[in-house]
Structures are given as structure tokens and as C-alpha cells.
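**Q** The primary structure of each chain is shown beneath.
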Amino acid sequence: MQSGLVERAQRGDQDAFATLARDSVDRCYAIAYRILRDMHLAQDATQQALLGAWRDLPSLRDPERFDAWLYRLVVRASYAEATRERGSTGQVEFIPTIDGAGPDSTASIADRDELERGFRRLTPEARAVLVLHHYLGYPLTEIAGTLDIPVGTARSRLHYATRQLRAAIEADARPTSPKERTA
Amino acid sequence: MTGPTFEDQLDDWIKDGPELAPREILESVLATYPTTRQRWDVRRTPWRLASMNLFSRALAGVAVAVAVVAVGVFVISRSDPGGPGPGGVGGVATPPVALVSASPSADVSASPAPTPSPSLAATTGPTASPTASPTPPPTPTPTPAIARCASTDLSARITLWEGAAGSRIAHVDLTNDGSTRCLVENMDKPQLLGGNKAILIDGVTPVALVLQIKLDAGSTLTTLVQTANYCGADPVAPVTVAFVRSDGSRIVAAPESATDMNVPPCNGPGQPGQIDMHPWAP
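These protein sequence lines are chains A and B, in that order.
Heads up: the first sequence begins at 1 in my numbering, then just goes up one per residue.
Heads up: the second sequence begins at 1001 in my numbering, then just goes up one per residue.
Any given hint might turn out to be false.
Unchecked claim - Label-pair distances were calculated between CB atoms; the ranges are: (1) A80(A) <-> I1076(B): 43 to 53 Å; (2) D15(A) <-> G1270(B): 47 to 57 Å; (3) R1157(B) <-> H159(A): 30 to 40 Å; (4) T1222(B) <-> Y160(A): 36 to 46 Å; (5) S1257(B) <-> P139(A): 53 to 63 Å.
What the hints assert, rightly or not - Some residues of chain B that are not near chain A, with every Cβ distance over 10 Å (derived): (6) T1220; (7) A1233; (8) R1245; (9) P1269; (10) D1276.
What the hints assert, rightly or not - Just so you have them, the derived chain B footprint on chain A, three or more residues with Cβ under 8 Å: (11) 14–25; (12) 128–137.
These are calculated hints, taken from the structure and not from any lab test.
Fair warning: this is a prediction, and the values are worked out from it, not measured in the lab.
For every residue, glycine included, the Cβ atom is placed at its ideal position computed from N, Cα and C.
From just these sequences and the hints, can you work out the full model?
**A** Next up, the structure:
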């Protein structure tokens, strides 16, 4: 059914594209947010990706691959947003709804903070591989296809991204020296 | 019993997060794409062609050439010189009309007339009714130009302050107090102001895709303004937000109350304060 919509949208059918956009926007935003960790940048990336999808849809050769192709646009738009100058070094942090009745212990909340800080230190390319693998559950072949890179590159990128993240968290968790504490 | 592995924790952490996109994204995309031309890939060949051998490709090429010539001869032999309009092949001019009228933003039609889709042109020829009356060429309905809203016609007010860990969020309404419909940009440069109009946190001028929103007289748009990391001196009440428009004019929102002191906590001394806004939306 989706490939039928894609084919119609490729021929310029605006209603078909509107349906595709409605069906895809949440997933695109979720991916962009997880790469960028900033809701405004994720909004911009999602918007750019969807507009790019409409513009370049006629060049999509296999309508069955629409999702993977669209996610590639989202990832590329996220790279662009990540490198774009936003005036200040920090971004407004998105405050997710905190469920006070959730099962998180203090320790796991600390882990999440460490993960957040460590993840933000990764390159956008490394973040994208982690998101495709851990959020979308993509195997390496699918990651490679989505990012248009060889499978070996996807494998090493995933490996190094995980290692870098782990190293960043370990460095973060290392106790500060007395000198640093009194500084 | 072993605890979760690092990969398990990472998996959980990445999966945790927003699943729903803010509605402004879709609204903005749906408002913009009808005026965006699709980029046709002229080098595009049918996907099967790539997997065909040389002989098959040559054969396909010959077949296509023969078909083109045959269609050309057919069209020329059937065309009626006294028919409707220039190039009067009945029905061929109809699809662009459908495209124009289908556009939900026809009054944004500063863009040129839409290019007829090859598929539409190909399918309408044979199916055109021989008894169809001539269709006049499409005439885009002229729409009166809508002016940019004067800042003096706009008023903003904070309707709610929300506190969150490390930040403060203002809900703001923007109303067109003028008597006519006008245009506003969906993004401005936000500022956090003290009661003495001192700028407590200065935002950035938007560089992302800025859209124009038509705002009817008396209508209201809303936005959220997030602020974080204010490390300055105690401000003068009431604290409020302002929006610097692209022409440099500034709209200061009326505070929720005269005693508002909603500045975000200082999270990082030495780091600049942060202020950001959502796009204005109905």
C-alpha cells in the first residue's frame, strides 16, 4: 500500500505525499531527536528531510525502499543541523516528561545522565549509527544501506561509537582530584 | 544474577524519548511542499534496465524509439487544426487545471504554473472523452496581496510560565489587533526581558526555514519560549519575553503578572544564558 502511495507521489500526486508525510513524520522526528538530542534542531531536520523527500522523490528507484531512503534524508539533515552554527555553544535542553512513578532508581538516573553527556560528545555520524542500531533495531546491512556506506564501515563505526561512548562515560565517572575539587 | 549490560542500558536509553513529532513540523511541511517543485531525474532509467545485458538494452532502446515515432504519427494524424486552443489535442491541457485547483495553498502561487506530470499527460490522452467541451486555459485566481503585519498591530502576552528542571517555559499568545489579515513570520529572535526592559538573555536570529503565516484580524498564534541558565543579577519584576522581528522591531509580551520573576536557574556560571522559541502556530 505504501509503495502505491510512493509511486503516486513520485508522479507529483500531492495528496499521496501528504499521506506519506503524515505517516512518517513521527518516526523521522524520533530519529532526528535521538541523533541531535535537541527538539528544535530535530524539528528543523525533520522538516528539511520531508521537504527534501518531496523534491527528490522522483529519483527514488525502488518505492519499496521509501522508509530507508527517507531515514537517510533524516540522518543527512541531522548532520547538517548538528554542524550548523546556532549562535551559542549550548542548546536549550529538551526536558522530557518525567514520570514520577517510574521504576528508575537513582543509580539508573545517574547512568542516563552519563549516557546523555557521553552521547553528546560523539560525532553525528557515530550517533546516527547508534540510533539506527539501538532505536530502529537495524542490523549492519540495513544500517549500511540506509547510510549508503559499506557494511564494513558500518560495523567499525558502530564498534567505535560504542567504545567512545563507554570511554566517555568512564572518564566522566572517574573521581575528581582534590585539586579539582577545591578549584 | 548479572545486571543489564552496557548495550542493554544504551538500548533502553536511546529508545526512551519522544515518539510524536510536534504538530508544527507537519503543518509547516504541508504548507510548503505544494509550492516546491519536484526535481526530475532526467538520467533516470527503469530499474530493470540496469540489470539487462547490452543486447537487451539496445532492443529496448529500439522499441522505445519505434513507440515514440508511432505515438507521434498517431497524434499528428488525429489532431484537428480547428480544435480548441493551441496544440488542441483534447484533454491534454486539463491536468494542470486539476493540479492548480488541488493545491491547498493556491494563493501562495507566486510560483510558476505547475509542470504537467509526464504520467498525467500520458494517461489523459487516450481516456479523454471525444464529446468533452473545450476547456478554457487555466486562469489563476488573482489574490489580493497580503501585507506584513505592522508590529503596532500585534500584541503578545504570556499566558503561563512553566518550571522544569533547569529551565523555564513561557506560553505566549500573539494576536493581530489590526483590522485586516496580515503576515507574520513563524520565527523571531526571542529575548528574556526584565521589568526595566533590560535584556536578561538574548536569543539568536532564526536562520532555519522561516515561513509566513497569514493571521486574520483578531486571530491568535501561540508559541513556547524556553529559557535556561540565567546567572545574572536579580532582575527587576516583571520578567517577560520579547520577540525581535526581521525588520528589527520588537514585540514585548505582557507579563502574566506584575510580580513575575521567572528567570531560569543558573546551571553554568560563565556560560551564556539560553533562550529559544517554538515556531508560532495557530
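**Q** Each hint: holds or not?
**A** Hint check results:
{"no.": "1", "hint": "A80(A) <-> I1076(B): 43 to 53 Å", "result": "holds, 49 Å"}
{"no.": "2", "hint": "D15(A) <-> G1270(B): 47 to 57 Å", "result": "holds, 53 Å"}
{"no.": "3", "hint": "R1157(B) <-> H159(A): 30 to 40 Å", "result": "violated, 53 Å"}
{"no.": "4", "hint": "T1222(B) <-> Y160(A): 36 to 46 Å", "result": "holds, 44 Å"}
{"no.": "5", "hint": "S1257(B) <-> P139(A): 53 to 63 Å", "result": "holds, 56 Å"}
{"no.": "6", "hint": "T1220", "result": "holds, 21 Å"}
{"no.": "7", "hint": "A1233", "result": "holds, 20 Å"}
{"no.": "8", "hint": "R1245", "result": "holds, 17 Å"}
{"no.": "9", "hint": "P1269", "result": "holds, 13 Å"}
{"no.": "10", "hint": "D1276", "result": "violated, 4 Å"}
{"no.": "11", "hint": "14–25", "result": "holds (count 7)"}
{"no.": "12", "hint": "128–137", "result": "holds (count 4)"}
Against the hints set out earlier in the document, violations occur for numbers 3 and 10.
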